[in-house]
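Undergrad: Listed below, chain by chain, are the residues.
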Amino acid sequence: GESVGLHLPTLSVQEGDNSIINCAYSNSASDYFIWYKQESGKGPQFIIDIRSNMDKRQGQRVTVLLNKTVKHLSLQIAATQPGDSAVYFCAENNPGNQFYFGTGTSLTVIP
Amino acid sequence: DGGITQSPKYLFRKEGQNVTLSCEQNLNHDAMYWYRQDPGQGLRLIYYSQIVNDFQKGDIAEGYSVSREKKESFPLTVTSAQKNPTAFYLCASDRGQGRSPLHFGNGTRLTVT
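Chains as they are written, first to last, in my numbering: chain W, 1 to 111; chain Y, 1001 to 1113.
Check before you lean on any hint, since a few could be wrong.
Unchecked claim - So, partial list: chain Y residues that the calculated Cβ filter (under 8 Å) puts toward chain W:
#  : residue
1  : 1002
2  : 1041
3  : 1043
4  : 1045
5  : 1061
6  : 1090
7  : 1098
8  : 1101
9  : 1102
10 : 1104
11 : 1105
12 : 1106
13 : 1107
Said to hold, decoys possible - Quick look at which bits of chain W chain Y covers, simulated, 3 or more residues with Cβ under 8 Å:
#  : region
14 : 27-34
15 : 37-44
16 : 74-88
17 : 101-111
By construction, these hints were calculated from the structure, which means they are not laboratory data.
All C-beta atoms, glycine included, are put in the ideal place defined by N, C-alpha and C.
Assemble the whole structure, with the sequences as input and the hints as a guide.
TA: This is the structure in structure tokens:
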């Protein structure tokens, strides 16, 4: 999951397994959330987003779950592949339309 | 393909020098943003612009300046007043209407010695 500090949380999974990456957001008024993937030396790449009027949204091999009660967001990646290895972080958008970003989780896929 | 271009990818400067990072987008987005990324921290907002010839300070604007003379361009100047300028700088844009994803460039890594 997300944390503040110098060391990123890490997750290692076997190729073909499912991955779950977690994020705790801070503002109960936030109403729009995004998951990004960032490979080393590159900019963040949009994966999937969800609005607060939904609790689940699916994309291609990815699912985002939103639990507003506990201010928790998760990203599930099905059949994880080596190309999924990257840092994943969430972003929350508050009513002031400013984004706040988590520190990220480093996912390593073991072939 | 539409996207955001940041240049250069790597930049080295001596302490005390100002340096300007380039950001160009061809997505026809109204809003543009500059973020700073440091190891183990979330992205932090430096400056943003919702429209041409207008921009606002973000959370860590001290030691930075920007301009927005054209819709496509949002250069960032890191001045000598920035106490810890070595970082990875990311430019982003969106439609500026809220609740839309930010699109990012591939960043500029600035090293000041």
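Undergrad: So, for every hint listed, does it hold in this structure?
TA: Here is how each hint holds up against the structure:
1. 1002: violated, 13 Å
2. 1041: holds, 6 Å
3. 1043: Holds - the Cβ of residue 1043(Y) comes within 8 Å of chain W, reaching about 4 Å at its closest.
4. 1045: holds, 7 Å
5. 1061: violated, 13 Å
6. 1090: Status holds, d = 6 Å.
7. 1098: holds, 5 Å
8. 1101: holds, 5 Å
9. 1102: holds, 6 Å
10. 1104: With a minimum Cβ separation of about 4 Å from chain W (threshold 8 Å), the hint on residue 1104(Y) holds.
11. 1105: holds, 5 Å
12. 1106: holds, 4 Å
13. 1107: holds, 5 Å
14. 27-34: Coverage by chain Y holds for the region 27-34 of chain W (3 residues, Cβ < 8 Å).
15. 37-44: This one holds; 4 residues, not fewer than the three required, reach chain Y with a Cβ under 8 Å.
16. 74-88: Not satisfied, violated; 0 residues make the cut.
17. 101-111: Since 4 is at least three, the answer is holds.
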